[in-house]
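Trainee: If you want the building blocks of each chain, they are given just below.
4 protein chains.
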Amino acid sequence: MLIVMDHAATAAQIAAVNESVEKMGLRPEAIPGSQRTAIGVLGNQGYIDDSAIRNLAGVREVIHVSKPYKLVSRDFHPDSTIVKVGKVELGGDLPVVMMAGPCSVESEAQMLASACIVKQAGADILRGGAFKPRTGPHSFQGLGVEGLKLLRQAGDEVGMPVVTEVMRIGQLDDVCRYADLIQIGARNMQNFDLLKEVGKLKFPVLLKRGMSATIEEFLAAAEYILAEGNGQVILCERGIRTFETATRNTLDLTVVPLVQQMSHLPIIVDPSHATGRRDLVPIMAKAAVVSGAQGLMIEVHNDPAQALCDGAQSLDGAGFTQLMLDLRQLKF
Amino acid sequence: MLIVMDHAATAAQIAAVNESVEKMGLRPEAIPGSQRTAIGVLGNQGYIDDSAIRNLAGVREVIHVSKPYKLVSRDFHPDSTIVKVGKVELGGDLPVVMMAGPCSVESEAQMLASACIVKQAGADILRGGAFKPRTGPHSFQGLGVEGLKLLRQAGDEVGMPVVTEVMRIGQLDDVCRYADLIQIGARNMQNFDLLKEVGKLKFPVLLKRGMSATIEEFLAAAEYILAEGNGQVILCERGIRTFETATRNTLDLTVVPLVQQMSHLPIIVDPSHATGRRDLVPIMAKAAVVSGAQGLMIEVHNDPAQALCDGAQSLDGAGFTQLMLDLRQLKF
Amino acid sequence: MLIVMDHAATAAQIAAVNESVEKMGLRPEAIPGSQRTAIGVLGNQGYIDDSAIRNLAGVREVIHVSKPYKLVSRDFHPDSTIVKVGKVELGGDLPVVMMAGPCSVESEAQMLASACIVKQAGADILRGGAFKPRTGPHSFQGLGVEGLKLLRQAGDEVGMPVVTEVMRIGQLDDVCRYADLIQIGARNMQNFDLLKEVGKLKFPVLLKRGMSATIEEFLAAAEYILAEGNGQVILCERGIRTFETATRNTLDLTVVPLVQQMSHLPIIVDPSHATGRRDLVPIMAKAAVVSGAQGLMIEVHNDPAQALCDGAQSLDGAGFTQLMLDLRQLKF
Amino acid sequence: MLIVMDHAATAAQIAAVNESVEKMGLRPEAIPGSQRTAIGVLGNQGYIDDSAIRNLAGVREVIHVSKPYKLVSRDFHPDSTIVKVGKVELGGDLPVVMMAGPCSVESEAQMLASACIVKQAGADILRGGAFKPRTGPHSFQGLGVEGLKLLRQAGDEVGMPVVTEVMRIGQLDDVCRYADLIQIGARNMQNFDLLKEVGKLKFPVLLKRGMSATIEEFLAAAEYILAEGNGQVILCERGIRTFETATRNTLDLTVVPLVQQMSHLPIIVDPSHATGRRDLVPIMAKAAVVSGAQGLMIEVHNDPAQALCDGAQSLDGAGFTQLMLDLRQLKF
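Protein chains in written order, with our numbering: chain A, 1 to 332; chain B, 1 to 332; chain C, 1 to 332; chain D, 1 to 332.
Hints in this document: simulated from the structure, not taken from any laboratory.
Be a bit skeptical, because a hint or two may be false.
For chains that are exact copies, the list does not tell them apart, and a pair is met inside one copy or across any two.
[Claimed, not checked] Derived EDC-like pairs: lysine to aspartate or glutamate, alpha-carbon spacing no greater than 16 angstroms straight-line:
1. Lys331 to Asp93
2. Lys119 to Asp193
3. Lys149 to Asp174
4. Lys23 to Asp303
5. Lys200 to Glu217
6. Lys196 to Glu108
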């Protein structure tokens with residue numbers, strides 16, 4: 001931590017800051033400059049809470065050098081983490097893992113038809129939502145545990161591991177019974193209680209980036225899970241909120257190589273939620289793979305026009321099959 | 001809902017859209033223009049899920065006229081709602097209600113000292129956090145139920161109702177036992193399960209705006225609570241996330257008169273979290289009152305330099321007392 | 001400047017950084033930490049261009065301590081600047097200065113009628129646009145020099161100094177002939193050539209914040225003007241671009257006290273452009289004054305329903321007169 | 001245009017709106033709904049200025065169906081535009097065009113060395129800045145006309161057309177004398193006077209997206225150029241401003257396929273300015289090509305560590321040569 005003093009800070013103010021630093025068990029070291037004094041803070045083992053210092057008299061700015069995460073950092077864990085979902089492995093230089101399926105589980109027939117489509121096209125993991133977060137209370141909210149069973153059944157039928165979202169701690173037992181990979185949605189990225197609970201499990205987790213989360217906050221959220229002992233975490237970029245309204249969100253692909261530099265955890269991309277438009281999904285899926293994504297999550301529905309949720313961003317069977325062919329052609 | 005067709009949309013494409021609208025039990029009505037056709041959708045009683053239509057061939061854009069909320073709307077409920085917290089009433093043209101206290105409950109002594117300060121200065125409701133959402137897992141996480149008891153005890157001692165944040169459904173019983181007003185934090189604004197549960201209670205709720213929530217999403221979140229039968233909701237603006245980094249968040253005061261036009265629910269402002277800086281809190285508190293805020297929430301600590309959480313944005317006793325005096329002088 | 005090295009940076013990498021710093025004529029000083037080394041850079045007289053260092057091997061981050069402005073900083077110029085526009089003075093603790101008038105000069109009759117309204121209500125400076133920046137090329141673009149003459153004529157008629165926007169260097173001669181205060185619009189805040197030219201004049205300047213400019217960039221833009229010798233600069237907050245679409249922009253009132261801490265230049269607020277809605281202008285104008293604004297700029301039109309530009313955000317005579325009365329009642 | 005009335009709008013209010021619409025020479029058509037009335041506006045040939053209507057009593061919202069551009073729209077001009085720069089053609093399904101060179105022209109030796117590098121690696125167009133927009137006034141501002149000459153000389157030496165930025169109208173003559181393609185930078189995207197002037201030329205133009213410009217505003221800016229008669233416009237995505245600070249800007253690749261749907265103009269990507277980091281440029285360049293970019297603009301310097309400007313984001317010779325090889329391998 002670096003504490004930058006005002007141009008006109010007095011010796012007494014500098015002494016008071018030094019004292020506060022020492023009270024925290026740390027060591028202040030003055031860095032005199034031609035225009036102002038700065039105070040380096042030494043001796044910490046990680047991120048420091050600066051609230052006792054930030055507003056002391058004469059302090060102009062507090063600059064953090066340590067980050068609010070450490071276990072997820074590649075700095076301290078150079079080897080890439082491989083996450084295992086059923087028999088599927090994801091991470092490092094392994095081939096891109098395809099997760100695909102409908103937004104919501106709607107019925108046995110729909111789930112099975114969708115599963116057959118994605119399996120036949122070559123997907124690795126089946127997705128399907130049983131508990132749905134919806135912006136307004138009057139929309140379809142998911143089938144609940146019944147949906148979990150239908151998802152599991154469809155996965156078993158076609159021989160694929162399954163991923164589904166958990167929205168609250170009370171659903172964890174059910175989700176772990178029926179799924180192979182637990183998804184934490186963007187709206188829950190900073191639901192710290194939920195993060196801690198999944199951190200106590202021996203179960204792989206897919207953590208989606210919050211729609212206005214910085215990369216630092218995204219990694220700090222993953223840190224909550226690792227701090228409890230669960231290192232099987234996959235990160236997922238799904239678009240951020242900006243002033244642009246022509247797409248549902250703004251897909252931030254630069255985050256992929258950046259996170260791979262900063263962290264040993266794998267990162268995948270969800271172009272369906274990022275763009276919100278079926279016609280943009282295939283091209284952005286390819287761009288995501290070229291940017292280094294270690295997996296993709298794609299919404300596929302056997303009959304998008306009848307989908308109860310997010311039909312506008314779902315590919316149909318033909319569209320997804322074509323995308324899989326195109327991805328196999330990709331050489332980069 | 002209005003469906004705008006492409007300039008070159010064919011008659012068959014228009015017919016297909018009409019058919020889809022009718023399948024949803026609604027009535028399409030063509031609005032031919034000089035450059036393109038639009039289709040008005042009539043017969044709905046509220047917001048329509050457009051996902052079956054948005055990506056049909058020939059559709060250029062779908063424009064919503066209805067909003068994803070109705071119960072919170074002033075359009076359908078012209079009279080302002082008054083929320084009752086203990087003996088304190090808030091809303092409509094009632095005097096501004098002051099909520100104040102420390103970010104976290106840290107100890108019996110700290111809580112009582114802070115309560116005495118805010119009571120003496122004239123605050124109406126005592127705040128204090130027992131369950132704390134923190135960005136990184138290595139920061140102080142709150143005292144839990146023990147903190148709730150200390151908060152209640154301090155409130156009783158000085159004769160003030162108390163408000164505290166609930167972070168998950170499992171904490172609701174405890175929070176309702178010890179508090180008079182339940183706070184849903186910004187990170188949980190779209191934790192829909194939690195919203196539904198508090199909607200089932202007969203208990204006043206303080207709902208904070210998510211840091212990247214639009215006004216429409218904010219009101220739709222409140223709709224979740226009202227839809228379950230609980231109309232005692234206070235909204236709270238606490239700053240939004242923008243590109244600006246000089247303050248913790250960007251305080252959006254225009255939301256105050258705008259929400260009051262759109263909704264009958266009261267709205268208060270939290271300048272402490274919005275600015276993140278003690279020196280900016282008093283002036284923005286006054287600006288908030290002038291913009292029409294029906295209440296304020298201010299962080300006050302008996303010894304901010306020693307606070308375990310958010311000390312940099314907490315006022316001390318002298319600062320808060322001065323603010324209360326200044327607010328009484330305010331004539332507008 | 002502080003250079004933070006990777007956890008695993010080698011001694012050779014650190015040496016290479018030190019060498020680069022020395023090549024720039026500066027002095028590196030190592031700050032060894034328990035987890036990594038940082039290098040303080042000493043000897044600079046202001047902001048350092050870090051591009052030769054930022055991407056050297058082993059460098060994790062470069063942190064700036066100095067800011068890209070100095071002349072506008074209160075740190076080096078503690079006394080508040082007073083700007084003189086005709087006989088009107090603005091800044092420091094002087095009374096709030098009201099600038100008002102139509103978005104565009106449309107005709108002699110409209111300009112004179114509007115001038116009479118604002119004069120009678122008590123405004124200090126008359127505004128009117130002769131050169132208009134419009135998003136699309138098919139909208140009304142302003143009357144040009146003819147508009148400048150009508151503005152001047154109306155100002156003389158009612159005895160008020162006038163302010164108008166300049167959009168390019170070639171217009172400066174004309175604008176200086178007819179106006180008393182030159183406005184640089186938000187879209188030109190980083191038109192550095194224009195800033196330098198007005199910096200060479202002895203003429204007061206009103207600089208509007210760019211719609212996505214940080215406070216640091218805003219002050220750095222003003223620095224361009226002061227660096228050429230012109231210190232008569234008024235800053236103007238007019239809303240920033242965020243994800244919120246319910247208002248035209250998001251009015252950032254916290255910038256007012258913050259800029260007053262950081263700089264000696266005065267700052268005013270334009271609630272008309274910030275909100276884009278006539279019904280929100282008066283309340284936000286009052287909030288701006290309470291937040292410390294040293295002036296306001298308000299759009300007023302004698303017949304808003306017939307305005308060629310921005311009628312939706314213009315007050316009429318009755319509305320502006322009421323606002324002036326309300327502002328006189330304001331006690332804070 | 002669609003005018004949505006309040007739930008409780010009176011017949012008189014609806015009549016007043018109808019009258020205003022008719023005064024504008026347009027035809028109102030009522031669309032009665034179960035909850036409220038909407039009024040469709042027919043008869044317009046393009047975008048309507050709504051300011052006379054938006055704030056009439058009883059109006060809740062005005063929704064635009066037409067866009068503030070038409071000439072750039074693919075709706076009215078289905079064939080892709082090919083832009084010719086010297087002998088290089090760009091657009092439609094033509095091979096990706098590579099523009100490369102240093103941020104600034106610094107000296108004859110630097111410019112020639114850089115030109116040789118990019119030519120040998122296979123680039124098509126040479127870039128180099130003679131007039132530089134810099135955030136602070138104390139940074140290197142470019143060599144001016146002398147820089148233009150050195151750029152031209154280097155281009156001629158290696159046989160490449162050249163592109164350079166124009167910052168103001170007064171520089172247009174010089175830039176047209178020495179360059180083959182005029183660049184309008186992001187900060188000038190809404191410098192409408194400049195856009196109109198280049199619209200009057202018979203000269204190809206590279207228009208960069210403003211850092212907080214929506215796609216609609218970006219296309220409306222291009223409309224200014226086309227409206228004056230110049231159809232040789234290349235669009236360029238170079239990153240937008242968001243809350244994320246880990247990269248210089250947020251690269252929005254989805255804009256590439258989206259603009260290609262909406263407009264016939266070609267679009268290229270500048271990953272150097274978007275990311276601000278040399279190590280991220282190659283991977284994002286590849287992702288841009290896969291997303292459909294019809295060209296790339298890459299900063300290359302013969303000795304980035306000594307660059308006077310943006311060295312941190314410049315590739316050196318080896319880096320750029322490798323990127324060109326990688327791009328040739330790309331199959332998608």
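Trainee: At most 16 angstroms between alpha carbons: which applies to Lys200 and Glu217, within, between, both or neither?
Mentor: neither (20 angstroms within a copy, 33 angstroms between copies)
Trainee: Please sort Lys149 with Asp174 into within, between, both or neither, judging by C-alpha distance up to 16 angstroms.
Mentor: within (9 angstroms within a copy, 33 angstroms between copies)
Trainee: Pop the pair Lys331 and Asp93 into one bin, within, between, both or neither, using alpha-carbon distances up to 16 angstroms.
Mentor: So Lys331 and Asp93 pass the 16 angstroms test inside one copy only (15 angstroms; across, 19 angstroms).
Trainee: For the identical chains here, do Lys23 and Asp303 meet the 16 angstroms Cα criterion within one copy, between copies, both, or neither?
Mentor: Cα proximity of Lys23 and Asp303: across copies only (15 angstroms, versus 64 angstroms in one copy).
Trainee: Measure nothing new, just compare the shortest in-copy and cross-copy C-alpha distances for Lys196 and Glu108 to 16 angstroms and report within, between, both or neither.
Mentor: Intra 33 angstroms, inter 27 angstroms, cutoff 16 angstroms: neither.
Trainee: Have a look at Lys119 and Asp193 and pick one of within, between, both or neither, based on CA distance no larger than 16 angstroms.
Mentor: Result: close neither inside a copy nor across copies, 35 angstroms intra and 32 angstroms inter.
When each numbered hint is compared with the structure, violations occur for hints 2, 5, 6.
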